[in-house]
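Since the structure of chain Z is already known, use the hints to place chains Y, E and V on it.
There are 4 protein chains.
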Amino acid sequence: MAGAVSGDGVAGELTPEGHVLPVRVYHEDTDFTGVVYHGSFVRFFERGRSDFLRLAGVSMTALDRDGLHFVVAEMALKFRRAAVFDDLLKIVTTPAELTAARAVLRQTARRGAETLVSAEVTVALVGSGGRPARFPSSVSALLRPFVTAG
Amino acid sequence: MAGAVSGDGVAGELTPEGHVLPVRVYHEDTDFTGVVYHGSFVRFFERGRSDFLRLAGVSMTALDRDGLHFVVAEMALKFRRAAVFDDLLKIVTTPAELTAARAVLRQTARRGAETLVSAEVTVALVGSGGRPARFPSSVSALLRPFVTAG
Amino acid sequence: MAGAVSGDGVAGELTPEGHVLPVRVYHEDTDFTGVVYHGSFVRFFERGRSDFLRLAGVSMTALDRDGLHFVVAEMALKFRRAAVFDDLLKIVTTPAELTAARAVLRQTARRGAETLVSAEVTVALVGSGGRPARFPSSVSALLRPFVTAG
Amino acid sequence: MAGAVSGDGVAGELTPEGHVLPVRVYHEDTDFTGVVYHGSFVRFFERGRSDFLRLAGVSMTALDRDGLHFVVAEMALKFRRAAVFDDLLKIVTTPAELTAARAVLRQTARRGAETLVSAEVTVALVGSGGRPARFPSSVSALLRPFVTAG
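Residue numbers (the numbering used here), protein chains in the order written: chain Z, 1 to 150; chain Y, 1 to 150; chain E, 1 to 150; chain V, 1 to 150.
Do not rely on the hints blindly, as some may be mistaken.
As the list claims (entries may be wrong) - Pulled a few chain V residues facing chain E out of the computed Cβ check, cut under 8 Å: (1) H27; (2) D31; (3) F32; (4) G34; (5) Y37; (6) G39; (7) F85; (8) D87; (9) S137.
To be verified - For lysine to aspartate or glutamate, the following EDC-like pairs were computed, each having C-alpha atoms within a straight-line distance of at most 16 Å: (10) Y:K78 x Y:E120; (11) Z:K78 x V:E120; (12) V:K78 x Z:E74; (13) Y:K90 x Y:E17; (14) Z:K78 x Z:E114; (15) V:K90 x V:E17; (16) Y:K90 x Y:E114; (17) V:K78 x V:E120; (18) E:K90 x E:E13; (19) V:K78 x Z:E120; (20) Z:K90 x Z:E17; (21) Y:K78 x E:E74; (22) Z:K78 x Z:E120; (23) E:K90 x E:E17; (24) E:K78 x Y:E120; (25) E:K78 x E:E17; (26) E:K78 x E:E114; (27) Y:K78 x Y:E114; (28) Z:K78 x V:E74; (29) E:K78 x Y:E74; (30) Y:K78 x E:E120; (31) V:K90 x V:E114; (32) Y:K90 x Y:E13; (33) V:K90 x V:E13.
Quick caveat, the hints were computed from the structure, so don't treat them as lab data.
The beta carbon of each residue, even a glycine, is placed where N, CA and C say it ideally should be.
Okay, chain Z solo, but in the shape it has when bound (with noise of 0.2 Å):
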């Protein structure tokens, strides 16, 4: 993947580095304690997986209509620095493994050149009745050249 593809300005861009999603951060994604909830990661994450998917060419709404979708198979997390209210984060999600029905993905949130939280996310794919299926080969081509780049 050479230089930056990006979309219509709200799915973020695929650098060499992988996909960067700008996140800010608001009252939403705070609590009590005056930082942002550990469990808003996991949604910040989950965007970046889904901008990332989107950039790639891969449509969750077609799987859809297949009855397929992407599950969270295994989740690491690793919180290192809090985040705060107004907060611009990046989220940079860069695919690590594909098999033929799993994908690693590492992704961390940043604060500029600060990493503040890092996770390893393992997804699978599952069809009707929750069965885990195979990735179709579209799917496959189009993540396959991201993997070999990392």
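For chains Y, E and V alone, coordinates are given in the frame of chain Z:
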């Protein structure tokens, strides 16, 4: 409705005054200003309506199988006092009006004798494609006693 | 207000019609009925108000250091049409009234030319202990031009 | 810990196996794929930890007055099966390790005998400015019996 009908201990109870659901305030419900985020009360009120319907005998899961969903058509909220972390609130839900396709419910969030937030909520039923649908007669029959008792 | 004033690309922009913020619908915003959860629009509208204030020059972080916070006093919502996953919405925020201690804002969530949800929101300022506070003159001065321009 | 110690009916109960909190799945917890959003379990687990601390006698509100807050330092989650709207889950929280400045808790979300999601969560205490703090001896004393009982 005479006396209190209780569920399995986590669905609140039906009282002569209306349905009463205890709701605890957790980190997720607060924001950095130190109090409960206004949008959290919207979630609390939905929990109250859902558990009122549950104890009234209306199964939203069964309606879902018929492609029918309740939607909020209008909602007016007044925020009088703040709630804080650790508060144990009561969400009181009282049906006020019932027509062939709409129900109006009055709801309050209380802490002890204090009313913190009050709401008037109009709900409707939609079918496939989001089209308005009349209440099935079985649903109307279950809800009517609560309105006339008000 | 003539022409559009934009921020850093993630705070929307000030237009003659009001503040316009693009908002993408993610998994977190939807529910099992297949459409956007009604409470998500409450969060979207708060994002719109926050970014309107940001571009108008009102810093809620600075107010917080003085122990002052905006609170929602009243909110009336009409839900007309549903939004779905992947939708790119616009949240339009237009100040309508300004007194010494209250501001009324009209807000809509739009998809293209369609208005999906509309709201009228009354906000007030509270100081230490949750007591109502008058708007500092610096805040009123920043907000007044948007009201008179309406 | 012998037998069950219960709170006011909405804080779950302490059992020999750990703290058990019933959690109902509402609209807010699900997403358009038809099942519970993965991030909702992160909120459910926080409710479990908060109510475990409550019944163990640790007041986060009192700690807050001393400028001390629990934060999540690390969290690893495995999602095995989906939950759906209307499900009545049990969140089981079992302290596994306790040092001077960290506690590790194992948590599961169960539906009947099935484990849907499991988590290992490391929490720490931070003081003013987000600096790591040792657990006050009163807090350690309250938590230690639960770890040694494991």
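Hint check:
no., hint, result
1, H27, "holds (4 Å)"
2, D31, "holds (4 Å)"
3, F32, "holds (4 Å)"
4, G34, "holds (5 Å)"
5, Y37, "holds (6 Å)"
6, G39, "holds (6 Å)"
7, F85, "holds (5 Å)"
8, D87, "violated (11 Å)"
9, S137, "violated (32 Å)"
10, Y:K78 x Y:E120, "holds (9 Å)"
11, Z:K78 x V:E120, "holds (12 Å)"
12, V:K78 x Z:E74, "holds (5 Å)"
13, Y:K90 x Y:E17, "holds (12 Å)"
14, Z:K78 x Z:E114, "holds (14 Å)"
15, V:K90 x V:E17, "holds (12 Å)"
16, Y:K90 x Y:E114, "holds (10 Å)"
17, V:K78 x V:E120, "holds (9 Å)"
18, E:K90 x E:E13, "holds (11 Å)"
19, V:K78 x Z:E120, "holds (12 Å)"
20, Z:K90 x Z:E17, "holds (12 Å)"
21, Y:K78 x E:E74, "holds (5 Å)"
22, Z:K78 x Z:E120, "holds (9 Å)"
23, E:K90 x E:E17, "holds (12 Å)"
24, E:K78 x Y:E120, "holds (12 Å)"
25, E:K78 x E:E17, "violated (20 Å)"
26, E:K78 x E:E114, "holds (14 Å)"
27, Y:K78 x Y:E114, "holds (14 Å)"
28, Z:K78 x V:E74, "holds (5 Å)"
29, E:K78 x Y:E74, "holds (5 Å)"
30, Y:K78 x E:E120, "holds (12 Å)"
31, V:K90 x V:E114, "holds (10 Å)"
32, Y:K90 x Y:E13, "holds (11 Å)"
33, V:K90 x V:E13, "holds (11 Å)"
Violated hints for the displayed structure, listed by number in ascending order: 8, 9, 25.
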